[in-house]
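Q: Now for the letters of each chain:
Number of protein chains: 4
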Amino acid sequence: MLDAIAAANSGHVVAYGEDEYTHRAERVFKDHFGSNAEVFFVLTGTGANVLSLASFTRSFNSVICAETAHIQVDECGAPEKFTQCKLLTVCTPDGKLTVDGIKKYLHGFGVEHHAQPRVISISQPTEMGTVYTPAEISSLADLAHQNNMILHMDGARLANAAVSLDIPFKSFTTDAGVDVLSFGGTKNGMLFGESVVFLRPGMSAEFKFLRKQGMQLASKMRYISAQFEAYLSKDVWRTNAMHANKMAQLLYEKTSSVPGIKITQKVQANAVFAIIPANLVEALQEKYFFYVWDEATCEVRWMTSFDTTPADIDGFSSFLASKMAGG
Amino acid sequence: MLDAIAAANSGHVVAYGEDEYTHRAERVFKDHFGSNAEVFFVLTGTGANVLSLASFTRSFNSVICAETAHIQVDECGAPEKFTQCKLLTVCTPDGKLTVDGIKKYLHGFGVEHHAQPRVISISQPTEMGTVYTPAEISSLADLAHQNNMILHMDGARLANAAVSLDIPFKSFTTDAGVDVLSFGGTKNGMLFGESVVFLRPGMSAEFKFLRKQGMQLASKMRYISAQFEAYLSKDVWRTNAMHANKMAQLLYEKTSSVPGIKITQKVQANAVFAIIPANLVEALQEKYFFYVWDEATCEVRWMTSFDTTPADIDGFSSFLASKMAGG
Amino acid sequence: MLDAIAAANSGHVVAYGEDEYTHRAERVFKDHFGSNAEVFFVLTGTGANVLSLASFTRSFNSVICAETAHIQVDECGAPEKFTQCKLLTVCTPDGKLTVDGIKKYLHGFGVEHHAQPRVISISQPTEMGTVYTPAEISSLADLAHQNNMILHMDGARLANAAVSLDIPFKSFTTDAGVDVLSFGGTKNGMLFGESVVFLRPGMSAEFKFLRKQGMQLASKMRYISAQFEAYLSKDVWRTNAMHANKMAQLLYEKTSSVPGIKITQKVQANAVFAIIPANLVEALQEKYFFYVWDEATCEVRWMTSFDTTPADIDGFSSFLASKMAGG
Amino acid sequence: MLDAIAAANSGHVVAYGEDEYTHRAERVFKDHFGSNAEVFFVLTGTGANVLSLASFTRSFNSVICAETAHIQVDECGAPEKFTQCKLLTVCTPDGKLTVDGIKKYLHGFGVEHHAQPRVISISQPTEMGTVYTPAEISSLADLAHQNNMILHMDGARLANAAVSLDIPFKSFTTDAGVDVLSFGGTKNGMLFGESVVFLRPGMSAEFKFLRKQGMQLASKMRYISAQFEAYLSKDVWRTNAMHANKMAQLLYEKTSSVPGIKITQKVQANAVFAIIPANLVEALQEKYFFYVWDEATCEVRWMTSFDTTPADIDGFSSFLASKMAGG
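Chains as they are written, first to last, in our numbering: chain A, 3 to 329; chain B, 3 to 329; chain C, 3 to 329; chain D, 3 to 329.
These aren't lab readings, by the way, just hints derived from the structure by calculation.
One should not assume that every hint holds.
What follows is a list of derived Cβ distance ranges for each label pair [stated by the list, open to error]:
hint	chain 1	residue 1	chain 2	residue 2	range
1	B	Glu297	D	Ala17	28 to 38 Å
2	C	Phe292	B	Val101	48 to 58 Å
3	C	Ala137	A	Tyr18	37 to 47 Å
4	A	Ala327	B	Met205	47 to 57 Å
5	B	Val101	C	Cys93	53 to 63 Å
All values reported here derive from a predicted model rather than from experimental measurement.
Don't be surprised by glycine CBs; every beta carbon is placed ideally from N, CA and C.
With the rest of the complex left out, here is chain A (with noise of 0.2 Å):
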C-alpha cells in the first residue's frame, strides 16, 4: 500500500478525482463487479454507508437494518445526521436480516403518518460474523424491488466474505440484487480509504455533490485510487482476508476446545464471538484488545485481521486458558 501511495506522489496531477489513478481504479472495480459498477471514493467507512443511504431517500423514507447493524450502533448516529431519516431495526440472533423479519415494516406506503419505507441495508459479513449465501441476499433484493425498494450492502470487510463464500465478489453483490455496496479496504490493509460502489445504471447523478457535502471529497483522491488499484487488481485483498478468515478458524479451534468457553456464533469470516467469565475481561484486555459485545451476558468478538500470526493465536489462547484454569 505504502508502494501505492509512494508511485502516485509524483509529478502534479488535477485535484479531486480527474487524474489517471482513480481512471485506472474505476476500471478495476468494473472487472470485479460488472460493467455498470460505478465506484466513488471516499475517506471513511461511516461516509461510505451513509452516502450510500443518502443517495435514495428523502428526509420522509426509512431504512430497514438489524438492530447489530453499524450503521445503527456504531457510527454515533450519523445516517439521522445525514439522511435524516429513521431506522428501523429488526432483533435478529446471527445478525442477519430475513424476509419474515423485515415483513413487519412493509405496510403504510402512501400514508403520509409513516415514515415511507425505502432501503434495506444488510452487512456482509455481519457484525455477528456470519455470511449471507447468494440465495439469502437475492431473496432480500427480491423483498426490496417488489416494494420498490433499495437493496445496501455494507460491505466494509466483503473480502472476508468472498473468501469464505469462494466466489467471486459479482456473485453475491450484483448478481445477487444488491444495488449499491460500501466496500471498504481499510479493514482489510490499505492505510485509508473507502467507495461507494453503485451496481446498476442511473443511481449515481447526485453522488458527486452528497460526497463534497458530506465532506467525504479527497482532494489528493489519487492516494486512496493508488491504493484500491493495488489492493483489488493484485490479489492482495484476497491474500490478506484468506489469512484472517484462517487464523479466525484457528482462533476458533484453539478457544472453543477451553473449558468453560463458548463460542456463539458460526466462524464464517473473521470474527469469533464468545461468552467468557466477566471477571476475566480486564485482564484480557490488559494484553489484548477486543471489545466486550454485550454487557449482560459477557459475549465478547475477537477479530483477526491480515497481520494477525498463528503465534498470536497460540498466545491468546493460552493466555485465556491458563486464566480460565485460576491462573
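Using the hints, position chains B, C and D against chain A.
A: Then chains B, C and D, alone, in the frame of chain A:
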C-alpha cells in the same frame, strides 16, 4: 371553545403571543403544574413532541421510547428530521417503558462511536390505552436523572390519564419527576392548539427560537391561548375526558362479551384494543372509523371521545355482534 | 371567518383533510389559479414558504432571493433548518429581483464544489411594499426555466398585489410562469391558516410527507379549509385588501406632506416606508405598533390592514406631525 | 511526508487516535499555539471548517463571513447541511471582513424571528490572497466577544500567512483573540489530513461526537498525526510556505509588467489575481491549471505552491506575454 375564540376575536392585540390571553393562559398552567411551569403554545401534537425533544438534544444524542410510541410510528420521522437524533425503541407488551427495558441502552456514555442517550420519552396514557402510576413514572425519572438524562411525557391525551388516576395533573408530572411535557387539547375538544410545558426552571431559554424555526409560532396566538384558558380553568378538560373514559368502559363491557372478540389491553383511558376476525374489518370500517393496529394479528384500536354517546356504543356493539354472528 | 369556523364545527368528519370542507376549498383554488392548481393547507406562513422550497430541493441546492426576503430575514433560519439549502441573496433597492441581479449566481452548474441553484424565490408584494408586474414575473420565470430551476412566489399578502394590479390572481401567477406559491390569509383577515399551491401538474407527489414531517398537518383541517373557502369564494379577500391598500394610500398622502418625513418606496400595496428622526421612534411606538426596518438610517415600515380605519390614519398622521413639530 | 507515514506504518497501534503518534502531534500543536490549544485531526478542509462552526452553534444561529469565503462559495453548502445555520455574507473588495462591514448584522439578538449571530468566520490568508494583520484580527475578535460570539479562522493555508507576516502562529491566532482554527496541511505539502484547533479551554467537550457524526474520524489516525508532527516540528511548513510565497512574488513581478494584464489584489501570500482578456483563458488553461474567479470581469486566480519552480513561473509568464502579444 368557539366562544373562547370569538371572545379573543375583538380589538387589536400584539401578535406572536405578547397578548393578555396568552399571559392569562400561562397562569392557568402554573395553577395545574406548579409555579415553575412554563408553557409555550404550538400548533400540532407532532410539533409539541419534536420541540420538546429538540430542547434537550444535540444531533449526536439518542431518545429512548416504546416501539409503539407516537414519535416512533406516527409522525413520519419528524423527530429525526428536526432533531437528527436516533430513536432507540423498547419492546413492550402494554406500551409502558420500564427500568429493565431501558437499561440495555444505557451504556457507551462518553464513547464517540455511539449516539449518546439523552431523553427517555413516555406517553401518558400510552398508545395502548394503559396508564402509568405515579410510582412507575418516578422510577423512570430517577433512572433518567441518574444518567444525566431528561424525562419527556407525551400528554396528547393527558386529561384522560388524570381522570383515570383521579389525581391532579401535578401529581404524576411535576411531582413524579417529569421534566418536559407535551400537553394536548385537540384530542379532547379544542379546535386546534397544543403546548409544551417545561416543569423545572432554566430549561426554556432556547425554546422560542426552536419554535419559530420549527414553524410552530402562531402569529395570532391568542386563538390558541384563549382555548387553553377556557379548557383548563373551567373543568372542560375533566368533563370531556371523564365522559370519554366512561364511554370506553361501556365499549369494553359491550364488546368483551361478544363471542369471538378478544380484548388485548387493560382499558384505563379512552381506548379499547381488540383482536377481531380480519374479514370483518372492511364491513366495520364502512360504518365506523378506526385503525387496524397490527395487520399480522388483526388487532384493532377503538377510540372514544368527548362527543361519543352511549347510543354510538350501543350501535357499534350491536353491529359488531351481528357481524360476528354471521349477519 | 368565525362563521365559517362555526359552520365547520358540527358533526363528525374525517381528520387530516379528507373532509368535504377541504374538498370544496380545493375547488375554489382551481377557480382562481387554473385547473392544474393543487392546494395544500398548512399552519404558518413560514411553513408555506419552507415546504414550497423543500418540495423542489435536495440539500446541495441553493435558493436565490432578495436580501430583504422574508425567508432570509424573518424566519429564524427555518428554510436552512428544514431544507439544509444555501440561500443566495441579491441586493435590491425596491425588494424586487431582476434578471441582471440573479445572473451572477447562475454558474457552476454541475460543479460539485458549488451549491446548485434550483429555486428563484420572490415575494409579491415585496417586503418593501412594491408590486411586480406580470412581465417582470415572466422574465424571472423564463430565466428560471432556462436553467432547470423553479420560480417560487411568497404570497403572504397576495390579495394586496392582486388589488394593486387590478387583475385576477391567475394572470400574475400561473400565467406568468410561477411554479409554486405560498398563499396566505392570516394577514388579510383569516384567524389562522396558510397554503401552498402547486401551479403545474406533477409537482406535488412528495408534499403530503413533507407537510407531516414539517409539523404542518392540522388534524382538524376543516377549520382552515372552511376559512379559505369563505375568504376566496365570497370576495372577502378583495374587499379586505382593497381597503388596506386604500388606507396605505391615505397614509402616504398624510405623512408625505409632513415636513422632515421622507417616503422611501413606492406605495403599491399596504406598506409605507419612511425615514424619520431616530429620536421619535420611541414616542411613536408607545402609541402605535411598527417595525424599524433599518436601524442605520432609521427607515421604518408602517403597515395598514383590513381593519385600519381612516380615523386611525388621521390620528397617526396628526400625532406624527405634532411630534415632528416638536410637540 | 511519505517517510512520516512509513514510520507510522509499523507494529500494531490502537485505532481512532489513542496512539503515541497522535499524542506527540498534540504536543507540537501546543508548542505553536499555546498550552490551552487542543487539536483534533480530521480528513478534509471542509470537515475542519464545518465541525469548527458546529461546535459553537445551534441551528437557529447564523455565521457571518465574507461573500468570497470558502465556506460560502466552495463547499457545496456543507456548512448549511451539517450546522443548518444561516450564513450571512459581507461584500468586501479584498476578502477581509471589517468591523463596519459586520455591524449591520449585529441586531435582533433575542428576537425569535431572526437567526441569532453566533460566529464570525475569517480566512487567513483570505481567498483573495491578502493577509490580515494581528490588529485587524483583534478588532474582529473584540467585536465577536462583546456580542457573545466566537471568532473562527479558516487557516487552510495558515503557513503562508505566518511567513508573510513573519511572526509566530500564536501571535495572530491565540494572542489575537481567535477562538477556533481550521489548520490545514494538504495545501502545503501533506498527503492528506486537516485539523481543528480550539485555542481556549472548555470548548472541545462535544467535538469528538461531532467529528464521528461528521464522518471525519479516521480509524488509522496515526497516518495523519505523523504527517502533522513532521510538518510542524521540522519547519517543513515554513520552508514550503516561504517558497510558495516567493514564487507568487516572482509571478507578480513577471506578469504585472505584461502589457494588458491588470493585477487586482495585493500579493501577500501565494495567490495572484489578475484580469486578463477572456479569449485567452482557454489557451492558457490547456497548459496551466487555474480558476476563473469572476466570469463577468474575467478575473482569474493563479496559485503558487511548495513545488512550483522559478522555471514554471518563467514558462507561464512568457507564454502569457506571447499570447497577449497575439502569439
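Q: Next, verify each hint and record whether it holds.
A: The hints, checked one at a time:
Roughly 44 Å separates the CB atoms of Glu297/B and Ala17/D, a value that falls outside the hinted 28 to 38 Å. Between Phe292/C and Val101/B the CB atoms are about 56 Å apart, so this pair conforms to the stated range of 48 to 58 Å. At about 43 Å, the beta-carbon gap between Ala137/C and Tyr18/A stays in the expected band of 37 to 47 Å. Separation of Ala327/A from Met205/B is about 55 Å and conforms to the stated range, judged on CB atoms against 47 to 57 Å.
The hint said 53 to 63 Å for the Cβ distance between Val101/B and Cys93/C, and at roughly 59 Å that hint holds.
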